[in-house]
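Visitor: Listed here are the chains, written in short residue letters.
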Amino acid sequence: MVPAVIIFTFLLLKLAPGDPAVLMAGETATKEYIEMIREIYGLNKPLHEQLIIYLGKLFTGDFGYSFTFKRPVLDVILERVPTTLLLAGTGALIAIFFGIVLGVVAALRKDTIADNIISSLTLIFYSIPIFALAQFLILFLVINYRLFPLSGYVTIGVSPSDPIKYAMDVLWHLVLPSISLALIQMATYVKLTRTSMIESLYSNYIIAAKARGLKWRRILFKHALKNALLPIITVAGIQLGLIIGGVVITETIFSWPGVGRLTIEAIEARDFPLLNGIFVLTSVSVIIANIVTDIVYTYVDPRVKLR
Amino acid sequence: MLLFRRSRSLTISLILFSAIIFFGLAAGILTDKEPLRTGYAQGLTPPSPQFPMGTDQLGRDVFSWTLYGIRTALLVSLVSTSLTVIISIIVGLPAGYFGGKLDQVLMRVTDFFLSIPRFILIIFAVIIFGPTLTNIILILSVFSWPTIARIVRAEVLSIKEREYVQAAKVLGAGNFDIMFNEILPNVMPPVLVASALQMSDAILAEAGLSFLGLGDPNMASWGRILAIARQAIYVGGWWTLVFPSIFITVTVLSVNLLADGLNDIFNPKSVR
Amino acid sequence: MAVEPLLEVENLNVEYVLTDYKVNAVRNVSFYMNKGECIALVGESGSGKSTVAMAVMGLLPPYAKISAKKIIFDGKDILNADEKLMTEIRGKDVTVIFQDPISYLNPIISVGEQIFEALMAHNPKITSKEAQVQAIDLLRKVRIADPERVLRMYPFQLSGGMAQRVFIAMAISANPKLLIADEPTTALDLTIQSQILKLLNNLRKEFNLSIILITHDLSLTSYLADRIYVMYNGQVVEEDSVEGIFSNPIHPYTKMLILSSQAIYRGEVKRLREKISTITEKGGNSETIKGCDFIRKCNNCGPECEKEPPLIECDGLKKVRCWRL
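Residue numbers (the numbering used here), protein chains in the order written: chain A, 1 to 307; chain L, 308 to 579; chain E, 580 to 904.
Possibly wrong hints are sitting among the right ones.
To give an idea of the interface, some chain L residues facing chain A are shown, with a C-beta separation under 7 Å as derived from the structure [claimed, not checked]: (1) Val416; (2) Phe420; (3) Pro424; (4) Val449; (5) Phe450; (6) Thr454; (7) Ala475; (8) Val477; (9) Leu511; (10) Phe518; (11) Leu533; (12) Ile540; (13) Leu548; (14) Ser552.
Here are the simulated SDA-like cross-link-like pairs (lysine to any residue), alpha carbons at most 25 Å apart as the crow flies [said to hold, decoys possible]: (15) A:Lys222 <-> E:Gln678; (16) E:Lys649 <-> E:Leu664; (17) L:Lys408 <-> L:Phe419; (18) E:Lys644 <-> E:Asn659; (19) A:Lys226 <-> E:Ala647; (20) A:Lys14 <-> L:Phe419; (21) A:Lys215 <-> E:Thr706; (22) E:Lys671 <-> E:Ile681; (23) A:Lys215 <-> E:Lys784; (24) A:Lys222 <-> E:Leu737.
Label-pair ranges, simulated between beta-carbon atoms [stated by the list, open to error]: (25) E:Gln774 <-> A:Lys226: 45 to 55 Å; (26) A:Ile113 <-> L:Leu382: 53 to 63 Å; (27) L:Ala475 <-> A:Ile113: 31 to 41 Å.
It is worth saying that the hints were derived from the structure and are not from the lab. Small disclaimer: the values here were computed from a predicted structure and weren't measured. Beta carbons: idealized from backbone N, C-alpha and C, even for Gly.
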């Protein structure tokens, strides 16, 4: 899968109109520099040779050189990864936690008003685009009520030398963007948990557990919920891939210095080497995330491992 | 009202969707202003009888933009989804029916598309090929068909073994006959549900692209006005955010409800 | 009666109320059982036999409306009991085993863990060492060889027969007074069936366990049961001792049941088919039938059958729901 992705990027890059050397060197590069690029990447050679050179470079960690930042692509990207992880991770955790809680509540109170309200709200949040939602949050909480900061992840002047103040500041900045991401994803988890929980609750083994005289609380958590969570693990893995668009947009709106916003900057500057690198690294991360999800799943569901 | 009892979602969806379509088609009658034309007013103006939804910083009429935006959204999503479904059927039907190499290739391809960050790739492709309406539609189709094709294939696999298919075989029906007359009609219900979801995805994707400045500059897209809203809301221009947001949310909502409703009809026994 | 019965159910009615329609699953059913007895509820699917048992246990879904004159178990009124009391009784005094035992076990938790859980539910102070010992002991009681290995297994790895034994082990873990066996052997192979029945019989003798056997197969009852209640369409149509049912069946439905089980064993399937084909089969909710439920299938009815017959007492223990005795 990973080689396929890399080759695909390579081919896509080749499809770009214009002289690839110019694309990679940047429009403001000198003629000599462009020639140098042509040499290094062997752009005059046949396609399969170029591919081999390209793959070789990737293996050594050479993702090319970003002419906008004047630094190696890999460095530029890796620098931004922690902030993106912080944002995406927090958003995902909030979404999963509250998604499960609301889903369980909706399942237990099936067909009551609470259930209907939760389901309706879920549907609305599922339909609203994230760039609209984020801006509504900004409108109310930043502009009208000045409760949260608008951009960046740290206020100017606050530095890591005072770790607690620094952490609090970052958290304060983290609130709105992560909530935006979370609200969009939450809907999926609420719906899924609700359905899964209802199915679980009406299963035979729940009736049998009741018949054995187990306390309802125990049945709920140890039996019903545990089984209901299985599909959620799978979905969480898939969501990791789907939320990338949301991350890009959120980081842009809140000027959050992560890989998402980097992508936009790269797009605006037509910095193809950087874009290429982002693309490959993101794909690889998604693949790794899926593998991890699979491993977690086999750990929880013995039927997969032992069959 | 019978429909309402059968499926609440479907009824609401159809009502909302018809309203949206009506507004979209009637855009020319409801407003005399061109959606992307600047200078109707001197910069940002709040809603008024002349501009029911106000204007943006360059004097563009938000009302007109919002209404014509319906056309963009529906055009892109309907066409790209239709293309997606057609490709999916063409690939998924034989893959599921005949199995073998074609099937394996299909599975690999869909795995691939599931692993890549779709949105970034779409952005990438739009940059490379240029942000025009046709390109956007084609790119969206290309990146959506694997998911639907997978559903088609899965359905084909389960339907293949059913009695009426075996019966048709025994009666001497040829493979293509069977595929199109027996299997395809029964594949459609879940495919239709998935397509509805795909359509709402497409609306959001197109809006997202426009928001990032990668939409067709000649089309009035909601994404683009919402990008403009970023600046506008600081100086009090809430109307640039609120009205297009309502319209896009309602449109996507109605399509999602359509998917729910179709699911209600096709799977009456599923968990509600 | 000299001794108070262990379980007394009088005039039990169960109605399933859904948004579109209602179904009267159990109508006016009364039965009793004494300590150490085994009674059988026999009938086809839809006769309400399982519903009766589940109603007594309080395990019916929320859309089931239960009403009865009385349901008394071991001197306690469980018709009006709150959930706290019911939770205490379940598993400890009354237990249930089900059809298709594998689906009634939690698929992602090991057998051992589920047995420990059952043990701890009624004996909270038990240590894990004691639980281990007791679990192994229980599994030996249900004739499972190599209990240590089975404890580590997961439900999907068990065969049907093994799973049912595990289930029975869990059911008797708290020394219950009453065991309800709902179609315990229907999903199992024939050879395993007799093993399970033998096991139940042994347990019954060993622990003076009272059993309610629910089945559609009349032939199973002759081995285990003392008395039989034949159910049709939510009502009891004949009740008697085992001997009474087999030697002197009176209600047409009882006769049909006996015929079908005997015919299969005697290889007289052809004769059975002929017999059954003379009976018109019609489905339909009991609400639409006026008078005796069995009118449509009975070849012995007369004008009085337009009125619904009550249970009429005959000699000995026998009661029959029919006018034409």
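Visitor: Out of the numbered hints, which ones does the structure contradict?
Guide: Checked against the structure, the hints that fail are numbers 1, 2, 4, 5, 6, 7, 8, 19, 23, 25, 26, 27, while the rest are satisfied.
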